[in-house]
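Novice: In our numbering, the protein residues as written are 1 to 657.
The reader is advised that the hints may include incorrect statements.
Claimed, not checked - Simulated crosslink set (SDA-like; lysine to any residue; CA at most 20 Å straight-line):
id, residue 1, residue 2
1, 557, 593
2, 449, 65
3, 654, 463
4, 557, 601
Bear in mind the hints are in silico, worked out from the structure with no lab data behind them.
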Amino acid sequence: MSLKDTTGEKEAVPAKEKPARPKKQRRKPAAAKASGTSARAPKAEAAPAAEKPAAGKPDANTREYVMPDLGRLAINLMHAANLGQKAARQLMRTDDSSSDASHALHDLQRVGRTLMDIAASYMRNPAKIVEAQTALWEGYVGLASNLTRRLLGEDVPPVAAPSRSDKRFRDPDWHENLIFDLMKQSYLLTSKWMTDRVKLAEGVDQHTREKADFYVRQMANAFSPSNFLFTNPEILRTTLATNGENLVSGMEHLLEDIERGHGHIQIQQTDMSAFRLGENIATTPGKVVYQNDLMQLIQYEPTTEKVYKRPLVIFPPWINKYYILDLTPDKSLVKWCLDKGYTVFVASWVNPDARLALKTFEDYMTEGVYAALDAVEKATGEKEVNAVGYCIGGTLLACSLAHMAQRKDERIKSATFLVTQVDFTEAGELKVFIDEEQIADIEKQMHEKGGYLKGSTMATTFNMLRSNDLIWNYVVNNYLLGREPMPFDILFWNSDATRLPSAMHVFYLRECYLENKLAEGRMVLGGEELHLNDVKVPVYLQSSREDHISPYNSVYKATHLFGGPVRFICAGSGHIAGVINPPSSGKYNHWTNDALPDTPDEWFAGATDHKGSWWPDWEAWLAEKSGPMVDAREPGSGKLKVLEDAPGSYVLVKSED
């Protein structure tokens with residue numbers, strides 16, 4: 001999901017010639033402009049006006065380390081430093097600094113205690129300390145030998161190499177330049193040594209080990225040489241070529257991000273001004289036909305003359321907004337379903353504030369799932385529907401189905417779960433943030449903020465799960481290279497964070513993640529004890545191979561919990577791209593296997609690999625459960641009248657409002 005690195009190796013620019021412009025070029029720092037001032041706002045203190053690069057002088061995108069104008073470089077460095085000091089003062093002047101500082105201190109103490117538990121494991125066994133030191137020393141000796149052989153002209157493989165998915169070291173100088181290669185390999189050796197020490201620590205419980213591993217990786221990611229001016233070849237080249245204008249622009253970006261975050265750094269991952277809901281994103285025509293405190297129900301306009309008799313009702317996650325299912329027309333799952341002949345309804349959840357702080361998980365069931373079923377019947381005259389749940393929306397759907405089974409309510413005839421967990425014993429890295437101490441701390445924070453979790457808090461949590469791609473990538477791009485982030489619809493959606501009601505959120509964390517009550521048949525909602533094996537409707541389980549939020553092995557556990565027929569598939573990519581993968585894109589792949597053995601490893605051993613999207617496999621399954629074809633239904637033609645056009649007003653509420 002991070003921006004693609006477009007820096008590549010170029011031939012040296014011949015003298016007396018103007019450098020060729022690449023076909024696709026990132027936006028340059030301000031120094032490349034005729035004005036020589038920042039892209040954000042002109043300032044008197046900025047460097048003198050910059051002319052076009054002199055003949056033979058490469059621009060910031062070349063791989064040459066040019067000699068800068070030392071006077072202009074000094075002026076820009078001082079100006080960037082002044083802007084940095086201003087940013088630091090704004091960070092310290094935040095209105096709620098005392099509360100936030102207290103929670104930050106608790107977080108640091110928690111990190112310290114966790115790492116001390118790992119250290120204590122080694123202090124109890126001095127032999128393990130010697131073994132650890134020896135392992136690190138041997139790695140450095142091997143690296144020194146490797147580089148010596150390279151200096152002598154040998155072609156030798158690296159001692160430490162980044163993974164194929166690691167975008168930090170793609171600049172050719174990380175390999176070709178011995179100095180940068182030494183920094184890169186030293187860093188990779190050391191960071192791996194640190195994480196290995198956590199994995200090999202003895203006498204440490206699993207939760208502590210997982211927390212320590214997460215904390216160590218966060219620290220290692222932060223101290224990567226790719227994140228600093230003098231140790232990143234691309235940043236260094238850009239600084240020299242633009243006389244430091246990139247740093248001035250970068251500090252301006254930082255100031256804007258602090259202002260937008262009201263005293264906190266809110267990193268801009270994409271050009272937020274490039275998208276307008278209802279104009280170039282979330283544009284599928286539809287109408288809001290029902291609303292209550294928690295949701296608006298959107299009925300989309302049909303695109304075919306005939307539709308399947310059973311409507312399709314989708315419950316997205318409310319941790320983010322619904323339009324991940326309706327991005328641009330070519331990425332819209334909603335539009336694709338309409339074109340296949342389905343009558344589609346989608347719940348657009350409210351962005352709650354303090355007035356809804358006491359709304360519970362049970363309220364999301366009654367005012368969400370049950371209310372939607374009632375509304376669909378009024379809108380179409382149909383009692384029977386097929387339902388889809390995405391992530392936490394899927395967990396809610398599973399709870400509702402178990403509740404309906406106790407009440408003998410059979411209106412949902414099939415259920416599709418997109419990257420949904422119902423058994424949380426292997427719930428991935430999010431469990432690092434969940435234990436009784438941390439839940440109590442979150443509950444206290446929500447109480448102090450008015451009874452809800454701030455949208456920025458949840459966004460930061462998810463970003464930390466992929467900090468190299470979703471944090472440090474943009475620190476480098478925005479603040480050190482001084483570039484504007486590129487427009488990207490998924491990152492626009494990702495940045496459009498939502499708040500969470502306190503009562504609901506604490507219930508979800510404690511009952512699902514901490515105590516796993518749903519899978520164990522101990523959860524109670526609406527006066528009913530929920531048992532998933534009482535759910536007899538056909539179930540389609542979609543998972544994603546690289547999902548770090550709902551790991552496929554965790555999703556697979558549901559195959560043996562539901563009481564009816566289950567189809568499980570696994571898509572390529574992750575939590576978002578694995579789901580939003582239209583057939584027209586030709587991306588990724590998916591695996592199918594009609595058998596459901598005990599473990600996901602056994603399932604994969606017998607699975608068939610298919611190229612492209614999983615959507616057609618799902619639609620073939622869904623069509624058989626959707627009834628005969630009938631005349632298409634227009635929103636407002638039933639007993640429910642149109643309230644407003646899609647995307648509706650609930651989705652427009654920003655968390656900063």
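Novice: All the hints need checking, so say for each whether the structure fits it.
Specialist: How the hints compare with the structure:
no. : hint        : in the structure
1   : 557 <-> 593 : 15 Å, holds
2   : 449 <-> 65  : 50 Å, violated
3   : 654 <-> 463 : 19 Å, holds
4   : 557 <-> 601 : 12 Å, holds
When each numbered hint is compared with the structure, a violation occurs for hint 2 only.
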